[in-house]
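Position one of the sequence shown corresponds to residue -3 (our numbering), numbered consecutively onward.
Since the hints were made in silico from the structure, they are not lab data.
Mixed in with the good hints there might be a few duds.
[What the hints assert, rightly or not] For lysine-lysine, the following PhoX-like pairs were computed, each having C-alpha atoms within a straight-line distance of at most 20 Å:
id, residue 1, residue 2
1, K3, K119
2, K140, K42
3, K25, K140
4, K(-1), K131
5, K93, K34
6, K93, K125
7, K25, K125
8, K93, K3
9, K140, K125
10, K129, K(-1)
11, K129, K100
12, K119, K25
13, K140, K119
14, K75, K42
15, K(-1), K93
16, K106, K129
17, K34, K75
18, K42, K131
19, K129, K140
20, K119, K(-1)
21, K34, K106
22, K125, K3
23, K129, K34
24, K131, K34
25, K(-1), K125
26, K131, K100
27, K129, K42
28, K93, K129
29, K34, K100
30, K25, K3
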Amino acid sequence: MLKEGEKFPDFDLPDQSGERVRLADLLGKPFVIYFYPKDDTSGCTKEACGFRDAMPNLPVPVLGVSPDSVESHQRFASKYDLNFRLLADPERSLIEKCGLWVEKSMYGRKYMGVNRSTFLVGKDGRVLKAWHKVKPADHAEEVKEAVREILD
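Just need the whole structure built from these sequences, with the hints factored in.
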């Protein structure tokens, strides 16, 4: 898994509008990028709405990433009036580069899925703060406080 101090992996993924987002375009200013398992599920919706509500008080852009399609992201963003970009990674290229495609277990059943994680990336592309195994409900507030502490 990607750790603090490491360089964030290069990527080129479409957002919910189909517009390409590249790491190179984000460098020069800090940003938050979070990874979640699936659009429109209870935990992922709580987390996304938390970031939506925190956005006016966050001094950095936020990006969400999941293995869902552009079309799924369009529906999800529209349904919950999300005010940030969702990146579609159906081939899991960035998810795997970050070491977040992991074996999970639910009710004794093992399966592969996204390890819910968030990264604050500095203007130089290095990870300033990493959160792994995130609890969705209050996570955006936790990120907001850390961003303020680290960037002030």
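Are the Cα positions of K140 and K42 separated by 20 Å at most? 16 Å, holds
Quickly compare the C-alpha distance for K34 and K100 to 20 Å and report which way the hint goes. The given pair, whose Cα atoms are some 14 Å apart, holds under the 20 Å limit.
Are the Cα atoms of K129 and K(-1) separated by 20 Å or less? Within the cut-off at roughly 13 Å; holds.
Straight-line alpha-carbon gap K93 to K3, limit 20 Å: Satisfied, since the Cα-Cα distance of roughly 11 Å is no more than 20 Å.
Pair hint K129 and K34, alpha-carbon separation not exceeding 20 Å: 15 Å, holds
Within a Cα-Cα threshold of 20 Å, do K25 and K3 meet the stated pairing? 14 Å, holds
Distance restraint between K140 and K119, which requires alpha-carbon spacing of 20 Å or less: 17 Å, holds
Holds or violated: K131 and K34, Cα atoms, limit 20 Å. Distance of about 15 Å is within 20 Å: holds.
Could you grab the alpha-carbon distance between K129 and K42 and see if it respects the 20 Å cut-off? Distance of about 15 Å is within 20 Å: holds.
Taking 20 Å as the top limit, are the C-alpha atoms of K93 and K34 close enough? 18 Å, holds
Regarding the pair K(-1) and K131, is the alpha-carbon distance no greater than 20 Å? This hinted pair holds, its Cα atoms lying about 18 Å apart.
Take the C-alpha atoms of K42 and K131, compute the straight-line distance between them, and say whether it is at most 20 Å. 10 Å, holds
Going through the hint list in order, the structure satisfies each hint without exception.
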